[in-house]
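Protein chains in written order, with my numbering: chain E, 560 to 705; chain B, 560 to 705; chain W, 560 to 705; chain G, 560 to 705.
Treat the hints as calculated values from the structure; they're not laboratory data.
Incorrect hints may appear among the rest.
A pair holds if it fits inside one copy or across any two, identical chains being indistinguishable in the list.
As the list claims (entries may be wrong) - In silico SDA-like links for lysine to any residue, alpha-carbon gap of 20 Å or less:
1) Lys-656 to Arg-694
2) Lys-656 to Asp-669
3) Lys-656 to Arg-635
4) Lys-656 to Gly-590
5) Lys-656 to Leu-637
6) Lys-656 to Asn-705
7) Lys-656 to Arg-668
8) Lys-656 to Thr-670
9) Lys-698 to Arg-667
10) Lys-698 to Leu-675
A quick note: this is a predicted structure, and the numbers were derived from the prediction, not measured.
Protein chains: 4
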Amino acid sequence: MKEPRSTPAADLRAVFEWPVRIYYEDTDLGGVVYYANYLRYLERARSEWLRAMGISQTRLLSEQRVLFAVTSVSIRYLSPARFEDVLIVTSELIRLKPASMTFSQRIRRDTADGELLCQAEVRAACLDADSMRPRGMPKGLFREFN
Amino acid sequence: MKEPRSTPAADLRAVFEWPVRIYYEDTDLGGVVYYANYLRYLERARSEWLRAMGISQTRLLSEQRVLFAVTSVSIRYLSPARFEDVLIVTSELIRLKPASMTFSQRIRRDTADGELLCQAEVRAACLDADSMRPRGMPKGLFREFN
Amino acid sequence: MKEPRSTPAADLRAVFEWPVRIYYEDTDLGGVVYYANYLRYLERARSEWLRAMGISQTRLLSEQRVLFAVTSVSIRYLSPARFEDVLIVTSELIRLKPASMTFSQRIRRDTADGELLCQAEVRAACLDADSMRPRGMPKGLFREFN
Amino acid sequence: MKEPRSTPAADLRAVFEWPVRIYYEDTDLGGVVYYANYLRYLERARSEWLRAMGISQTRLLSEQRVLFAVTSVSIRYLSPARFEDVLIVTSELIRLKPASMTFSQRIRRDTADGELLCQAEVRAACLDADSMRPRGMPKGLFREFN
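Given these sequences and hints, build the entire structure.
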């Protein structure tokens, strides 16, 4: 079997979309969404992308003692989301390595003009759940992504 | 050895106080603290009370596979906390049973008049961390509280 | 016009249901949902109930300077929710007064047996958004509920 | 008066430090701090830095209708923080412009070796609180930083 190696984005898969409704809990006294909360929405979209591919993080953790941890985020906030908005959060796997994935993610307002609110790049590494140290993805999982 | 049994509050220990500063993250678009967040402050005060008694929840979990989970909260919100306020959160153990503790907790604004913001009663049960089922507290721990 | 007055529950309306998916952000190191977060889900269900009735909290705030603030919560935690669970959060208006509403709310796991996880009673008061003091609901709004 | 202009970091001021204790609320089922929560700690340190300089964000908002909103974050997660850890969060103003500030921030574990957990660069822009659009800082405030 060929060694797994880094692969260019476009081969991997389409852009995944996930809607998020904004509630009281999401806002701050500025009347808009608190800046850290957008990272929650980015993660929801990545989790739902995994689920859409039939991958259960609960099973990965309990059966293979593997989890993914974010190792870097670069995010630009372009325009604020407000209470009662619906957002569309996208997730696109742009780089796959044996022990990490990099995603390009966007958050738009779910309106006719689809105003772009945030733009982010997020890298997640595969960790051994017991040692919390990096490890290669289980082979079956890596093949699934590839 | 006598059976452990429920014990009246006053014998147990004094009212513990813990200060909490309010940041952007704590507020919502109403300009005041989001109602669920007060439960965080109540927990911080209970955690610091344990720490003040020399009890490490991390060690309880890793060495004895024991954790405490809240089984009920009754809270009244009397006046809102605002951005940049300092709050004083109190915690008083009012009932100790072999497998649970009940706390009376208050949150005041740290000002001359000490306006009362919240009043709560919180019950926490001792759980086995693996099964997440109720169990009696480890004997050493129970004696410590008693 | 007759004075508005407290009204028994059953007349008011049916039980409203709202699904909530559990993500990483919701859990704590006990491996289950952090106790304060259930109050977020309760609020999401109440917000969606308002939306389902055609009431926009954003408009209430901007046009009438009115918002609802929770004045008391009584909640029992019966069984923990876990990562990747779907929960069904219910909301039922059980008491309507000119300046407040009381809800009975439940959270169940969305499985065949629908295990009951939380049971809560939540009271919310109508506030003037500028003074943050209690006031009667706008008449149109009160009639809508009645 | 000379036009305000971008200024190199070292002139501005020393590295500010702020301690943060990790509670249950901060962790996730991986047993470590949830990745979005570090952004809260970064903000607490920036808020405390302002307070240490005698600047009240509450007064900026109420008297001058001005607030700061984060426009970009770039953060690397090097090692996880755990329950009961104390972290030292640093904040250093590295770039000051008429309408924005850029901070270099670090999070270390408060232990003898002071392990570096996160490294971040955060840019915050001055906004008009009513329009939520960028504006120059009030002159007095800008001079204070300079």
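Each hint, compared with the structure:
1. Lys-656 to Arg-694: within (11 Å within a copy, 43 Å between copies)
2. Lys-656 to Asp-669: neither (32 Å within a copy, 33 Å between copies)
3. Lys-656 to Arg-635: between (25 Å within a copy, 18 Å between copies)
4. Lys-656 to Gly-590: neither (40 Å within a copy, 25 Å between copies)
5. Lys-656 to Leu-637: between (30 Å within a copy, 18 Å between copies)
6. Lys-656 to Asn-705: Classified as within; 10 Å inside a copy, 45 Å across copies.
7. Lys-656 to Arg-668: neither (31 Å within a copy, 29 Å between copies)
8. Lys-656 to Thr-670: neither (35 Å within a copy, 34 Å between copies)
9. Lys-698 to Arg-667: Classified as neither: same-chain Cα gap 34 Å, cross-chain 34 Å, threshold 20 Å.
10. Lys-698 to Leu-675: neither (36 Å within a copy, 32 Å between copies)
Violation of the numbered hints given earlier is confined to hints 2, 4, 7, 8, 9, 10; the remaining hints are satisfied by the structure.
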